[in-house]
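Each protein sequence line maps, in turn, to chains A, B and C.
With this note's numbering applied, the first sequence covers 1 to 241.
With this note's numbering applied, the second sequence covers 1 to 340.
With this note's numbering applied, the third sequence covers 1 to 288.
It should be emphasised that the hints constitute simulated quantities derived from the structure, not laboratory data.
Certain hints may be false.
[As the list claims (entries may be wrong)] Stretches of chain B that chain C covers, calculated by requiring three or more beta carbons in the stretch to come under 8 Å of a beta carbon on chain C:
| id | region |
| --- | --- |
| 1 | 129 to 135 |
| 2 | 138 to 144 |
| 3 | 267 to 281 |
| 4 | 318 to 328 |
[Unchecked claim] Simulated pairs of lysine to aspartate or glutamate, DMTMM-like, Cα-Cα distance not exceeding 25 Å:
| id | chain 1 | residue 1 | chain 2 | residue 2 |
| --- | --- | --- | --- | --- |
| 5 | B | K6 | A | E29 |
| 6 | B | K6 | A | D22 |
| 7 | A | K182 | A | D232 |
| 8 | A | K107 | B | E292 |
| 9 | B | K200 | A | E137 |
| 10 | B | K200 | A | E129 |
| 11 | A | K214 | A | D57 |
| 12 | A | K222 | A | E29 |
| 13 | A | K136 | B | E213 |
| 14 | B | K6 | A | D219 |
| 15 | A | K87 | C | E35 |
| 16 | B | K21 | A | D126 |
| 17 | A | K222 | A | D26 |
| 18 | B | K12 | A | E108 |
| 19 | A | K87 | A | E178 |
| 20 | A | K87 | A | D65 |
| 21 | A | K107 | B | E14 |
| 22 | A | K182 | A | E120 |
| 23 | A | K6 | A | E29 |
| 24 | A | K157 | A | D205 |
| 25 | A | K182 | B | E7 |
| 26 | A | K109 | B | E213 |
| 27 | A | K184 | A | E137 |
| 28 | A | K89 | C | E165 |
| 29 | A | K185 | B | E14 |
| 30 | A | K185 | A | E137 |
| 31 | A | K157 | B | E213 |
| 32 | A | K182 | A | D126 |
| 33 | A | K58 | A | D116 |
| 34 | A | K136 | A | D126 |
For glycine and all other residues, C-beta sits at the position ideal for the given N, C-alpha and C.
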Amino acid sequence: MSILLKVENLSRSFGGIHANSDITFDVNEGEILGVIGPNGAGKSTLFDLITGFTKSDKGKVILRDKNITNIRPDLICRLGVGRTFQKLKPFADQTLLENVIVGALVKEKNLKVARDKALEIIDFVDLIEKRHHYAKELSTGQRKRLELARALATDPKLLLMDEVTGGVDQRTIPGLVELVLKLKKNGITVVTIEHNMKIIMDISDRILALNQGKRIAFDIPKNISQNSQVIDAYLGTVDAA
Amino acid sequence: MNLISKELLQAKNEPLNYFNKNSLIIIGLVVLGLFLYPFISPSKFALHLLMMIFMHAVMSQSWNVLAGFSGQISLGHAIFFGIGAYASGYFYTKFQITPWVGIIIGIAISAFVALLIGIPMLRLKGHYFAIATLLIGISFQVIFQRWSEVGGSAGLYVPINRDSPWLSMQFHKSKVSYYYITLVFFIITFFLVWLLNRSKLGYRLKAIRDQSEAASSLGIHVSKYKVIAFIISAMIMAPMGSIYAQYVLIIDPNNTFSVDISILVLLISVMGGVGNIWGPIIGSSILIPISEFSRIYFGGTGRSIDLIIYGILIISICIFRPSGIVSLIPKSFREREKAK
Amino acid sequence: MTSQVIIQAIISGILMGLIYALIAAGLSLIFGLMEIVNFAHGDHLMISMFSTFWFWMLFGIDPIFSIPLTIILMAFLGVFTHYFIIRKILNSTMLIQICATFGLAVTIRALAQFFFTPDFRTIKNPIIQGKLEIYGIFIGYPQLFASFICLFAFILLYLFVTKTETGTALQATSQDRQAAEILGIPSNKMFALGWAIGLSCVAVAGSMLSNYYYVFPDVGVNFSLFAFVAVALGGFGSINGSLIAGVIIGIVESVGGLLIDPSYKLLYVFAVYLLVVILRPQGIFGRY
Ligand SMILES: Nc1ncnc2c1ncn2[C@@H]1O[C@H](COP(=O)(O)OP(=O)(O)OP(=O)(O)O)[C@@H](O)[C@H]1O
Ligand SMILES: [Mg+2]
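In isolation and in its complexed conformation, chain A is listed as follows (with noise of 0.2 Å):
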């Protein structure tokens, strides 16, 4: 098993917030490791600082053999990294097709071709007839798994999703978790955010548990169950709630 991201001691504050402080981790080629963590925990903003949209303030971010820390985010999407984005960036003025052809021209020089290999993936991700719909017209589920396609159209070797399962109808849910072991499957490595535990322990190989942006543990998830710290942190409070 090789390990395919490295991150080591990543920080960024937002004037006296601490964001990510001297977070490591690293995620292993093939796996599916889980993010979680109470709002605010800094799940996002470790995505941003992985995919270079917001500059670190100290730490390293290294993709196999190399490293990406604080370059622009097209280099690393061009380097085999794609994302997704909690709060939902669709081209809302476009169709879901051209939503998609967008992320495949990174790869394919011929606007036919990106447009197949985009055809395939919107298929993959279920939506086919919705294909010329508008953005704006689509579901939030669909909407998650338009970000999905595009980001999957870059062809990427590591996919960081933040809450794909956040916001949508309890019914739609199956689909999208289906839709990430699928991922797995066709051997695309993936970091995804989440706050449904039953999920995530059930899904992620690994899990890295993030609190008021500090790492308390990174861990197999029955051990992740049983740690104390993630128990105080975050299960606590979803069980109170």
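Mind docking chains B and C with the ligands on chain A? Use the hints.
Positioned in the frame of chain A, the structure of chains B and C with the ligands alone reads:
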């Protein structure tokens, strides 16, 4: 992957772009009509009016490429109009270089200036960029007013040449040649923009316009492409300046590097519909006749009447139809037909 | 060049800068409230100057006495503008907002040209005239007076915004519209008030300017450009920032004109803008 679904196969067989047969036929007929129009010996004014409509449609298409494709609002597009006018005028006046070459020089200089302005300025967001372009546009005017090599505020008078109309791009007998030159530029511009809209570049630019962060997460170097859009936009504008200069044969900073032109191209686009290829044609066909007719009916003193009508129209559009007149046209006639 | 000349330039710059500051404060206040740049701001200034002119021309009211009348007129105009135009485009894109206020600018200027002709007019023999000489430095009384009135108006504005209940409500709306609504502050009323105050600032500046400046339909253009620069310099939405920024601009304009070449005055000010937005986009005194 899973079994290939029927739907997928069908989708792959769809053409890449939809063409609406009816609208293609209409466009073809209109273009043909415009080419044949001079043969029914129309009045000078009619030719002038159409020419102005074409010219302003191209000018606002230039603005529209930047705003509609990359989402940046420029309030200084007269810069490139002025550069085009001065490039052809200056090189003809001083070195007898034919304005046809002057047009190309103008396009090249405009592209270069757009690059120089674009690199630092396109990092600015929203209002900051808009105001920056407004101020840079005025700076060009101030500089040209003081620059004696190009005639200062009196401007340049293009020397009259009656011997070789095509070489000097001066047609003193009739406006027909000017009409055809503008018409050809108009058609070429719209065809190129239409192609751009369907090209890989077009996809990337529209992605940046709609959601620049998502675009960069999909491997698009946002600032590079914004500069590219700015350069394309500048290159579309410049030849209109050159043609205008050859048409009026007087080039001065106040009628070329003018804020009014920068604003007019924006108003035309918004009137017609921003980000839509037909928007500038529609906007230009509405606003230009207003000013040309009011100039006739009210003469010099009534010059501001057209502006009063403009202003009120524009405010009304902003309030009642922010997507422009184009949104009144039934969907089936617009560029894309949605399947199902 | 003697130091006297430089001091003279600095003083004129400061005096003019205080006027720019008040104009910019109005612009900034409106922007802070609803993120709309009033591109017709200079033309509103022009209306105030014409208002002052006509009060003098038709009724013989001197500019210093017509200030309240012009303020009332402009405040009403502000409320109307908000009610008939701005209110309807609050949720539109930035482009539509720019376009609407530019459309307003075009209309106002064209109307002025139509009704008043492009002629330059002046108010003859106003009460305040003449100049003061201290150690060889000349200061026109109209300029001096104008700056004092503008500074005074600025202080009143500042006290209003920070010390009164309504002012605090205004600030609350400008910081977080939704939260303010929840606290029972009707944002629509606050916006209308913002426009009334924003244009009142211009009314004061316009009245005072017409004491010694030509009055003509295009007079507002350069003032509005300087106001944009001042607002960007001071940080969009920051009223205090616009005071310092206005004065800086006044000094840059007059000292730059003295030391380099007066015909490029505009460019020095623009250069300040470009430098600031590229190096420090939040403005020198911006919040972030
Ligand atoms: N651009 C920013 N400016 C200022 N503060 C920020 C910024 N981005 C994040 N923060 C702060 O950093 C902290 C971590 O935020 P982050 O979005 O990473 O949390 P999260 O774990 O993704 O939370 P959630 O579960 O709500 O998505 C929060 O306190 C947040 O307010
Ligand atoms: Mg988050």
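Evaluated hints:
1. 129 to 135: holds (count 5)
2. 138 to 144: It holds, with 4 qualifying residues against the three required.
3. 267 to 281: holds (count 3)
4. 318 to 328: Satisfied; 3 residues make the cut.
5. B:K6 <-> A:E29: Measuring from Cα to Cα gives roughly 34 Å; hence the hint is violated.
6. B:K6 <-> A:D22: violated (51 Å)
7. A:K182 <-> A:D232: Roughly 33 Å between the alpha carbons, so the hint for K182 of chain A and D232 of chain A is violated.
8. A:K107 <-> B:E292: It is violated: about 51 Å lies between the C-alpha atoms, which goes past 25 Å.
9. B:K200 <-> A:E137: It holds: about 24 Å lies between the C-alpha atoms, which stays within 25 Å.
10. B:K200 <-> A:E129: Holds, at about 24 Å.
11. A:K214 <-> A:D57: holds (15 Å)
12. A:K222 <-> A:E29: The hint holds at about 21 Å.
13. A:K136 <-> B:E213: Satisfied, since the Cα-Cα distance of roughly 17 Å is no more than 25 Å.
14. B:K6 <-> A:D219: Violated, at about 43 Å.
15. A:K87 <-> C:E35: holds (23 Å)
16. B:K21 <-> A:D126: Violated: K21 of chain B and D126 of chain A sit about 32 Å apart, past 25 Å.
17. A:K222 <-> A:D26: Roughly 18 Å separates the two Cα atoms, so the pair holds.
18. B:K12 <-> A:E108: holds (16 Å)
19. A:K87 <-> A:E178: holds (22 Å)
20. A:K87 <-> A:D65: violated (31 Å)
21. A:K107 <-> B:E14: Roughly 22 Å separates the two Cα atoms, so the pair holds.
22. A:K182 <-> A:E120: With a Cα-Cα distance of about 14 Å, the restraint between K182 of chain A and E120 of chain A holds, given a limit of 25 Å.
23. A:K6 <-> A:E29: holds (11 Å)
24. A:K157 <-> A:D205: The hint holds at about 17 Å.
25. A:K182 <-> B:E7: Measuring from Cα to Cα gives roughly 20 Å; hence the hint holds.
26. A:K109 <-> B:E213: holds (22 Å)
27. A:K184 <-> A:E137: Roughly 29 Å separates the two Cα atoms, so the pair is violated.
28. A:K89 <-> C:E165: Violated, at about 40 Å.
29. A:K185 <-> B:E14: Roughly 30 Å between the alpha carbons, so the hint for K185 of chain A and E14 of chain B is violated.
30. A:K185 <-> A:E137: violated (31 Å)
31. A:K157 <-> B:E213: With Cα atoms ~20 Å apart, K157 of chain A and E213 of chain B stay inside 25 Å; holds.
32. A:K182 <-> A:D126: Within the cut-off at roughly 12 Å; holds.
33. A:K58 <-> A:D116: Violated, because 42 Å separates the two Cα atoms, which is more than 25 Å.
34. A:K136 <-> A:D126: holds (18 Å)
Hints 5, 6, 7, 8, 14, 16, 20, 27, 28, 29, 30, 33, counting from the list given before, are not met by this structure.
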